[in-house]
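Asks: Chain by chain, the residues:
There are 2 protein chains.
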Amino acid sequence: MQSLPDFLARVKPPITPALVVRRAVMMANLAAMQAACAERGVRLRAHGKMHKCSALGRLQIEMGAVGLCCQTVGEAETYVHAGIGDVLVTAPVPAWGWLRLAALARTARVGAVMDSAAQIAEAATAALAAGVVLDAHVDVDPGMARAGVAPAGAVALAAAIAGQKGLRYAGIQAYCGHHQHLSPAERAAAHAEWTARLVTVVAELRAAGLAPEQITGGGTGTAAMDLAAGVYTELQPGSYAVMDVEYGDLGDLPFAPALFLAASVVSANHASHVTCDAGHKALHPNGPMSRVVQPAGSVYKPMGDEHGAIVPPSGVGEGDLVWLQPGHVDPTVALHDAFFVAEEDGRLERWPIDARRASL
Amino acid sequence: MQSLPDFLARVKPPITPALVVRRAVMMANLAAMQAACAERGVRLRAHGKMHKCSALGRLQIEMGAVGLCCQTVGEAETYVHAGIGDVLVTAPVPAWGWLRLAALARTARVGAVMDSAAQIAEAATAALAAGVVLDAHVDVDPGMARAGVAPAGAVALAAAIAGQKGLRYAGIQAYCGHHQHLSPAERAAAHAEWTARLVTVVAELRAAGLAPEQITGGGTGTAAMDLAAGVYTELQPGSYAVMDVEYGDLGDLPFAPALFLAASVVSANHASHVTCDAGHKALHPNGPMSRVVQPAGSVYKPMGDEHGAIVPPSGVGEGDLVWLQPGHVDPTVALHDAFFVAEEDGRLERWPIDARRASL
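Those protein sequences? They're chains A and B, same order as listed.
Here my numbering is used: the first residue of the first sequence is 1, the next is one more, and so on.
Here my numbering is used: the first residue of the second sequence is 1001, the next is one more, and so on.
Each hint should be verified, as a subset may be incorrect.
[What the hints assert, rightly or not] Here are the computed distance ranges between Cβ atoms for each label pair:
#1 A/Ala150 with B/Val1311: 16 to 22 angstroms
#2 A/Ala159 with B/Lys1301: 30 to 36 angstroms
#3 B/Ser1314 with A/Arg58: 42 to 48 angstroms
#4 B/Ala1189 with A/Ala150: 53 to 59 angstroms
#5 B/Pro1184 with A/Ala271: 52 to 58 angstroms
#6 B/Ser1183 with A/Gly248: 37 to 43 angstroms
#7 B/Ala1189 with A/Ala271: 25 to 31 angstroms
#8 A/Ala117 with B/Ala1009: 23 to 29 angstroms
#9 B/Gly1248 with A/Ala150: 34 to 40 angstroms
#10 B/Gly1248 with A/Arg168: 27 to 33 angstroms
#11 A/Glu344 with B/Ala1009: 57 to 63 angstroms
#12 A/Ser314 with B/Ala1208: 32 to 38 angstroms
Rather than coming from a laboratory, the hints here were simulated on the basis of the structure.
All values derive from a computational prediction rather than experimental measurement.
A virtual CB, placed ideally from N, CA and C, is assigned to each residue, including glycine.
Required output: the full structure, derived from the provided sequences and hints.
Replies: This is the structure:
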């Protein structure tokens, strides 16, 4: 494969700022995760919250994923409408969302996580009204305090689901978002501690006659540990497909950067920097600072909503393109309309980020 | 007008997170800015980068604005396609954008700012190719070092524009983004210092036979000072229409909060907080932290891309709505598909944020 500078020199997006995916690198990332899961006999359910792109989701399924994870009802709707036949909503569903999810379940397998008796009742009511059955997972909180039930409460919720018409007890979710970006040593320690607790939860469910068919969780940062642990039946990674500064800097993940932002230099009246047309509306500030890839050695400093400085200019001038790697991929992708997927010769194909509308 | 809690109690958006505009308050803000400009004989050219909504832009024009400012080529395209007949692009245009702007000028008055000889040449080439004339403003940098030419360079650029076929020398822009959020005393001092410099620039242009027809600039934070200064012929404020935490906290602006985000409580398993469905993808983290309006006395803490904590829960539970005021309006609006514009009785009208796609 040609060098990154040689590749970038061939790519000329029709507009800026533009998200460009290097197809060959993304394909290698997709294949690597699929192979790692297959080797362990674990299902891959790639997370659609990262890319919000049904074309990429369909590709993941063609390569072997069993379906997609969604973080919102709107993502689930977009993906099912695009022909994806198996979706799991991995975040708690707002009250208005159950009837919409149940309607989707008329044409696709639809699952959701639940962490309260009220959610179980609402989900069941909606499913019965729609004449469908929803796959229901107990959401077990591994310590984030964001959603999910404490491990000690898993059996009671599983029993409540199992006794509810309109729902099929499908297993449990345990997503450790707080582990994904720890250093390799800290991640391994936290993962081992949580896995021991998770094994206990599963044993308690089995003892209660509620053995989970699926134990779903995991992410890009912990995927190797999740697979080695032998507990999870299904992995939910998202970022591995294209990566970002935050995951790349961990240093131990077998995935390569495939996503870049092209921006135009639009003002060059200072020796200290040039100004490009990418600011807070094109590169989301959550996570580490986005990194300048081209010109090499420069840094990016946001200058408001629509602009950023490239410091120093390193030879680029007005009208030139500059290239950045997003700091945190998910919220940055959610700012854009489309990926421009690039071949090595620079040819581009536009893939709509069609679930973008759906984050809201 | 009823109290804010009484108003919010009547509003039930069909989805969450949802941006809700209190119409009566927005109308009062729009009228106040229009009246202040009219009183001084200054043109109001409301900034479309804030709302990205052609319905709101058309309303501003119906109420007396001469046109809209745009920060991107895509905003200009969206607004002209929506029937807005006069747009000014207030940020430097990327090289790929000039032909698209020139095409727009076949059906609308289209202006742009320029800060280099290269931009002037590109703009003129595009205008001549399209058989149109673009209004060209010299962008004068008031010290932000983001875009614009140093004040001492204004005469040379104005002369270059004036001698260029395809362009009409329309005046100068001097936008002081770095003044907008200073404390009242600091803002007054910075504004006075810059105004003195701007008066000199205008005198130099006049002496060179390049008297600017329009002197455009100003924002929500400095509007009263901009009007009192007697230099600007045109004001460019955006945020005044709906306000945000950042502008509201200045304490001296005659505009009231009209924009709120409704979120659903989706998990409530802790005494310390509840979790709502608004995170970094619904409330942009740039600027001050978004503020909880309802339940009163609680604070908002982001919990990742799709969730946030309401601390303490203050009596709200699963399925309830919580209400926030965005910290910084512009980038938060750019995350959403639509405003839900609410009457006092709670009836909602959906206004697409149709230039959202265009930020990229």
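Asks: Now look at each hint and say whether the structure bears it out.
Replies: Hints and how they fare:
1. For A/Ala150 and B/Val1311, the Cβ-Cβ distance of about 19 angstroms falls inside the hinted range of 16 to 22 angstroms, so the restraint holds.
2. A C-beta distance of roughly 33 angstroms is found between A/Ala159 and B/Lys1301, which places it inside the suggested range of 30 to 36 angstroms.
3. Checked against the hint of 42 to 48 angstroms, the C-beta distance between B/Ser1314 and A/Arg58 comes to roughly 44 angstroms, which is consistent with it.
4. Evaluation of the 53 to 59 angstroms hint for B/Ala1189 and A/Ala150 yields a pass: the beta carbon distance comes to about 55 angstroms.
5. Against the hinted window of 52 to 58 angstroms, the Cβ-Cβ separation of B/Pro1184 and A/Ala271 comes to about 35 angstroms, which falls outside the hint.
6. Checked against the hint of 37 to 43 angstroms, the C-beta distance between B/Ser1183 and A/Gly248 comes to roughly 41 angstroms, which is consistent with it.
7. The hinted range of 25 to 31 angstroms is satisfied by B/Ala1189 and A/Ala271, whose Cβ atoms lie roughly 29 angstroms apart.
8. With their beta carbons about 26 angstroms apart, A/Ala117 and B/Ala1009 fall inside the hinted range of 23 to 29 angstroms.
9. The supplied range of 34 to 40 angstroms is met by B/Gly1248 and A/Ala150, whose beta-carbon atoms lie about 39 angstroms from each other.
10. For the hinted restraint 27 to 33 angstroms between B/Gly1248 and A/Arg168, the CB-CB distance of approximately 49 angstroms leaves it violated.
11. Remark: the range hint 57 to 63 angstroms for A/Glu344 to B/Ala1009 is upheld by a beta-carbon distance near 58 angstroms.
12. Separation of A/Ser314 from B/Ala1208 is about 36 angstroms and conforms to the stated range, judged on CB atoms against 32 to 38 angstroms.
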